[in-house]
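Chemist: Sequences listed follow chains A and B, in order.
Every number in the working numbering is 58 more than the matching position in the first sequence, counting from 1.
Every number in the working numbering is 58 more than the matching position in the second sequence, counting from 1.
Hints listed in this document are in silico derivations from the structure and should not be mistaken for laboratory results.
Each hint should be verified, as a subset may be incorrect.
Repeated chains share a single entry, so a pair holds when one copy, or any two copies, can fit it.
Computed cross-link-like contacts, PhoX-like style, restricted to lysine-lysine with a CA-CA straight-line distance of at most 20 Å [said to hold, decoys possible]:
#: 1; residue 1: K474; residue 2: K300
#: 2; residue 1: K212; residue 2: K237
#: 3; residue 1: K300; residue 2: K60
#: 4; residue 1: K330; residue 2: K374
#: 5; residue 1: K371; residue 2: K234
#: 6; residue 1: K60; residue 2: K237
#: 7; residue 1: K237; residue 2: K300
#: 8; residue 1: K212; residue 2: K234
#: 9; residue 1: K212; residue 2: K476
#: 10; residue 1: K330; residue 2: K378
#: 11; residue 1: K153; residue 2: K300
#: 12; residue 1: K476; residue 2: K300
#: 13; residue 1: K237; residue 2: K330
#: 14; residue 1: K60; residue 2: K471
#: 15; residue 1: K330; residue 2: K300
#: 16; residue 1: K473; residue 2: K378
#: 17; residue 1: K234; residue 2: K60
#: 18; residue 1: K473; residue 2: K237
#: 19; residue 1: K473; residue 2: K300
There are 2 protein chains.
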Amino acid sequence: MKRTVAILGGGVIGGGWAARFALMGWNVRVFDPGAGAEAAVRAMLERARAALPALYDVALPDEGRLTFHDTISAAVAGAEWIQESAPERLALKRKLYQQVQAVCDPAAIIGSSTSGFTPSELQGCATRPEQIIVAHPFNPVYLLPLVELVGSQKTDPALLDRATDLMTGIGMNPLKIRKEMPAHVADRFLEAVWREALWLVRDGVATTQEIDDAIRMGFGLRWGQMGLFETYRLAGGPAGMKHFIAQFGPALDWPWTKLMDVPELTEDLIDKIAAQSDAQSGHMSIAELESLRDGNLTAMMRSLKARGVAVGKILKDHEKTIEPEVPDLMAPMVTLDRQVPVDWVDGNGHMNESRYVQAMSEASDRFLAWIGCTPDYIATRGSWFTVENHVRYLAEVMIGDRLTATTQVLEAKGKKLKLFYRIECNGTLAATVEQLLIHVSMATRRAEAPPEDMAALTQAIAEAHACHGVPDAAGATGRT
Amino acid sequence: MKRTVAILGGGVIGGGWAARFALMGWNVRVFDPGAGAEAAVRAMLERARAALPALYDVALPDEGRLTFHDTISAAVAGAEWIQESAPERLALKRKLYQQVQAVCDPAAIIGSSTSGFTPSELQGCATRPEQIIVAHPFNPVYLLPLVELVGSQKTDPALLDRATDLMTGIGMNPLKIRKEMPAHVADRFLEAVWREALWLVRDGVATTQEIDDAIRMGFGLRWGQMGLFETYRLAGGPAGMKHFIAQFGPALDWPWTKLMDVPELTEDLIDKIAAQSDAQSGHMSIAELESLRDGNLTAMMRSLKARGVAVGKILKDHEKTIEPEVPDLMAPMVTLDRQVPVDWVDGNGHMNESRYVQAMSEASDRFLAWIGCTPDYIATRGSWFTVENHVRYLAEVMIGDRLTATTQVLEAKGKKLKLFYRIECNGTLAATVEQLLIHVSMATRRAEAPPEDMAALTQAIAEAHACHGVPDAAGATGRT
Numbered sequence: 059m060k061r062t063v064a065i066l067g068g069g070v071i072g073g074g075w076a077a078r079f080a081l082m083g084w085n086v087r088v089f090d091p092g093a094g095a096e097a098a099v100r101a102m103l104e105r106a107r108a109a110l111p112a113l114y115d116v117a118l119p120d121e122g123r124l125t126f127h128d129t130i131s132a133a134v135a136g137a138e139w140i141q142e143s144a145p146e147r148l149a150l151k152r153k154l155y156q157q158v159q160a161v162c163d164p165a166a167i168i169g170s171s172t173s174g175f176t177p178s179e180l181q182g183c184a185t186r187p188e189q190i191i192v193a194h195p196f197n198p199v200y201l202l203p204l205v206e207l208v209g210s211q212k213t214d215p216a217l218l219d220r221a222t223d224l225m226t227g228i229g230m231n232p233l234k235i236r237k238e239m240p241a242h243v244a245d246r247f248l249e250a251v252w253r254e255a256l257w258l259v260r261d262g263v264a265t266t267q268e269i270d271d272a273i274r275m276g277f278g279l280r281w282g283q284m285g286l287f288e289t290y291r292l293a294g295g296p297a298g299m300k301h302f303i304a305q306f307g308p309a310l311d312w313p314w315t316k317l318m319d320v321p322e323l324t325e326d327l328i329d330k331i332a333a334q335s336d337a338q339s340g341h342m343s344i345a346e347l348e349s350l351r352d353g354n355l356t357a358m359m360r361s362l363k364a365r366g367v368a369v370g371k372i373l374k375d376h377e378k379t380i381e382p383e384v385p386d387l388m389a390p391m392v393t394l395d396r397q398v399p400v401d402w403v404d405g406n407g408h409m410n411e412s413r414y415v416q417a418m419s420e421a422s423d424r425f426l427a428w429i430g431c432t433p434d435y436i437a438t439r440g441s442w443f444t445v446e447n448h449v450r451y452l453a454e455v456m457i458g459d460r461l462t463a464t465t466q467v468l469e470a471k472g473k474k475l476k477l478f479y480r481i482e483c484n485g486t487l488a489a490t491v492e493q494l495l496i497h498v499s500m501a502t503r504r505a506e507a508p509p510e511d512m513a514a515l516t517q518a519i520a521e522a523h524a525c526h527g528v529p530d531a532a533g534a535t536g537r538t
Numbered sequence: 059m060k061r062t063v064a065i066l067g068g069g070v071i072g073g074g075w076a077a078r079f080a081l082m083g084w085n086v087r088v089f090d091p092g093a094g095a096e097a098a099v100r101a102m103l104e105r106a107r108a109a110l111p112a113l114y115d116v117a118l119p120d121e122g123r124l125t126f127h128d129t130i131s132a133a134v135a136g137a138e139w140i141q142e143s144a145p146e147r148l149a150l151k152r153k154l155y156q157q158v159q160a161v162c163d164p165a166a167i168i169g170s171s172t173s174g175f176t177p178s179e180l181q182g183c184a185t186r187p188e189q190i191i192v193a194h195p196f197n198p199v200y201l202l203p204l205v206e207l208v209g210s211q212k213t214d215p216a217l218l219d220r221a222t223d224l225m226t227g228i229g230m231n232p233l234k235i236r237k238e239m240p241a242h243v244a245d246r247f248l249e250a251v252w253r254e255a256l257w258l259v260r261d262g263v264a265t266t267q268e269i270d271d272a273i274r275m276g277f278g279l280r281w282g283q284m285g286l287f288e289t290y291r292l293a294g295g296p297a298g299m300k301h302f303i304a305q306f307g308p309a310l311d312w313p314w315t316k317l318m319d320v321p322e323l324t325e326d327l328i329d330k331i332a333a334q335s336d337a338q339s340g341h342m343s344i345a346e347l348e349s350l351r352d353g354n355l356t357a358m359m360r361s362l363k364a365r366g367v368a369v370g371k372i373l374k375d376h377e378k379t380i381e382p383e384v385p386d387l388m389a390p391m392v393t394l395d396r397q398v399p400v401d402w403v404d405g406n407g408h409m410n411e412s413r414y415v416q417a418m419s420e421a422s423d424r425f426l427a428w429i430g431c432t433p434d435y436i437a438t439r440g441s442w443f444t445v446e447n448h449v450r451y452l453a454e455v456m457i458g459d460r461l462t463a464t465t466q467v468l469e470a471k472g473k474k475l476k477l478f479y480r481i482e483c484n485g486t487l488a489a490t491v492e493q494l495l496i497h498v499s500m501a502t503r504r505a506e507a508p509p510e511d512m513a514a515l516t517q518a519i520a521e522a523h524a525c526h527g528v529p530d531a532a533g534a535t536g537r538t
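So here's chain A without its partners, still in its complex pose (with noise of 0.2 Å):
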């Protein structure tokens, strides 16, 4: 039974809302009066379809299903998240939660994405209070995982729980921000940056594709992975963070920021401005330089899933909740489900050879974990290495095409393991892998036979398997 959400608003935050929710599965009932409202909704989440699955090596849940209301009695019906994304004016957003609570569901969570008020701001003329919150994302919402939380001294901490299991759940990175103040955290440092960019554009100091420049090609790239006090403390060396403060407090004497100033927001700055911005990026539509961002956001991301660390591993305990489970190992099984996602491309357009081994690999360290070849055996006791792979390239492969790979076990005996895997595109057979192990300890790193435990379990999966057919391409390994 899918979980309903209901989003009110449908501009950038709110379509970005309604993209993610959907994709991991939630019915999305959206309310937004303005024209052209649906078609943008529905533009993002085809946007989303391409990046955020990718985020992941396993298949996401089956997509909820997005419907369009023309009343937020309609919106709200069975909703158990209610996000409201409207425009930064307070009377606004309050006279819709007044709406919006007459008919909701007092369970139900309404979350605001206020850049900027308080949710003592935001209670303000509501029935129940203690139901508003603040939940605050980033765009593009459907791939960047932070959410601000923020209550009021009326809001209930077992609903600012409740609040944080459910974000999680979709893949965010709930932030609970220990008191309310006007514009969180995160936009507090976005508008300091913000407010000293001006000047520097006003003064003719940089234009702003040299100020974008002095972000990405340094500090940005820092501040992907590690954030400001952990890599003051880099910099601070061996004698930690209070030496930093020591050598670097003092710059906060020196007059290096103007940032309590605000430039007058006069035509001719506005226009520089925007000017400059056409000449930095204005060859690329909107579209354009959405996917590019998407793309880029989810190559980065992907690195750091790799790695397993910063929001890397937020990813990587999401998708331990949507893994598949084991299944049934006698008969020929899945080992694979995913998308393929946008930096396994190469310069022909389509997934790169390598990337035909990869999901093979992956499909082979999740039949292996299955038969007891877990990390944690990885660590103490041994594990198994490829010795030879034969594969055949059937079909081309494209980004975003749902890859999955079945494997059967061709032979098992002593050290040594057969696999045959069929990695099919779409529904058509893509590539076969006939792919050769043998059992290694890890203390050697040499050939060992598998414990007795291991070897009996594989041979009978081989021995049911056989049943299936030796397929026509095995028996290419094996033979030098």
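Starting from the known structure of chain A, fit chain B onto it as the hints suggest.
Modeler: Only chain B this time, still in chain A's reference frame:
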């Protein structure tokens, strides 16, 4: 003939410069009177060896010689670039320049790593003020390409151009700052964020860990690939930058930052930050954190390099300048020479089986480009698609290992091309691959004979390679 750089000051920044120059083939002469400086710089070079070469898919130039000198005059002898990374005390830096200028080549460029001082301040008491500029890098200097180049009114633009070329040559991305200003550009942003962060910690809104997460799970990732303005251009949607400023501009009047006010750095505040930072990162040593950071940055930067955008474009452009020249194709030739990057390892702690194929695929791309199958040819005519691979895994390969491949043409007949690769790791045969390719039309994506000149060339190569015999392991492909 190697070029020479003098490094004055061997701390985190000076050591990073030394490591980058040495790995890019420069002889590096270090002056740092501090105890332990030599050991620290050597350790930095060791870390850099594990990271910087992994950003490139070709081998870097032969490493330059790293030497340590007791006097400034010995260190700057023969140096065409002199990089000063002394502590941030103006009087100290000025005195150093006087000593340097008494002995250095007047045509050499003296770059200062200063975070805060302007070039005019640095040039104050100099013999030849026009010789001194700001060249401000970002930690770790051996990975992040950004360097802010700043001159004063006394600086010859031609000298800044020369500095730009030289920095580009060692893989940096020089940003010429248009007007001198305390803290240049990027550090003004860092200072603004730092001030805001101190308030948030002091006021108990968030801990150092929470602030770091607020950065690295959200906007930090965005800023690793697009900067502030391009990101906001997207937020503004198709209406563009003007719309965004109109929408977001009003927030400038709200009290979202506390930035000109500086919180007093009381013992209490320093202790609070240090304690929170210990709780967050204290379980890892600085060396472990550095290794974690370098691995993360390398992986993220490589993911953008594969896409050829943002920092990845800097890397690609630089790589083109150190690409190997086309060898004699009429003998089996070296088609790959590279270091194994951090992201090629798997759960067994060694290079994953798919990465052998990726290395082979890179070698294949290079060979195919040499016979005329260039990106331009692929875009307009045809390409070679792999239909079968037979891989024998003969030795484990670890992160940082040097990987080379030689390619032998076994067969070139009609649409078919059969190649054989010997992949060596540190001189040991680690794998062989037999690769069967067919030529395709990129219009139909179906098999089609290659153009006559390409066919003639591949046949001539196959005939010339025939005298090297057929490898024992050959013959596993093309049977089905």
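Chemist: All hints, please: hold or fail.
Modeler: Do the hints match the structure? See the list:
For the identical chains of this complex, K474 and K300 are neighbours neither inside a copy (56 Å) nor across copies (66 Å), given an alpha-carbon limit of 20 Å. In this homomeric assembly, K212 and K237 come within 20 Å of each other (Cα to Cα) only inside a single copy, at 12 Å, whereas the closest approach across copies is 51 Å. When the C-alpha separation of K300 and K60 is checked against a cutoff of 20 Å, the pair qualifies neither within a copy, at 51 Å, nor between copies, at 41 Å. For a Cα distance limit of 20 Å, the shortest separation of K330 from K374 qualifies neither inside one copy, at 44 Å, nor across copies, at 32 Å.
Proximity of K371 and K234 under a CA criterion of 20 Å is satisfied intra-copy only: 18 Å inside one chain copy versus 37 Å between copies. When the C-alpha separation of K60 and K237 is checked against a cutoff of 20 Å, the pair qualifies neither within a copy, at 34 Å, nor between copies, at 58 Å. Taking the closest pair of Cα atoms, K237 and K300 never come within 20 Å of each other, the shortest separation being 26 Å inside a single copy and 34 Å across copies. Proximity of K212 to K234 under the C-alpha cut-off of 20 Å is restricted to the intra-copy arrangement: shortest distance 15 Å within a copy versus 52 Å between copies.
For the identical chains of this complex, K212 and K476 are neighbours neither inside a copy (62 Å) nor across copies (72 Å), given an alpha-carbon limit of 20 Å. Neither within a single protomer nor between protomers do K330 and K378 lie at most 20 Å apart by alpha-carbon distance, with minima of 49 Å and 35 Å respectively. Taking CA atoms no more than 20 Å apart as the test, K153 paired with K300 passes in neither setting, with 49 Å inside one copy and 29 Å between copies. Taking the shortest Cα distances, K476 and K300 never come within 20 Å of each other, neither inside one copy (57 Å) nor across copies (62 Å).
In this assembly of identical chains, the alpha carbons of K237 and K330 lie at most 20 Å apart only when taken from different copies (17 Å versus 38 Å within one copy). Proximity of K60 and K471 under a CA criterion of 20 Å is satisfied in neither setting, with 46 Å inside one chain copy and 57 Å between copies. Taking the shortest alpha-carbon separations for K330 and K300, only the inter-copy value of 10 Å comes in at or below 20 Å, while the best intra-copy value is 42 Å. Taking the shortest Cα distances, K473 and K378 never come within 20 Å of each other, neither inside one copy (30 Å) nor across copies (46 Å).
In the homo-oligomer, the alpha carbons of K234 and K60 never lie at most 20 Å apart, since the shortest distance is 27 Å inside one protomer and 55 Å across protomers. In the homo-oligomer, the alpha carbons of K473 and K237 never lie at most 20 Å apart, since the shortest distance is 60 Å inside one protomer and 69 Å across protomers. Neither within a single protomer nor between protomers do K473 and K300 lie at most 20 Å apart by alpha-carbon distance, with minima of 55 Å and 67 Å respectively.
The earlier numbered hints that this structure contradicts are 1, 3, 4, 6, 7, 9, 10, 11, 12, 14, 16, 17, 18 and 19.
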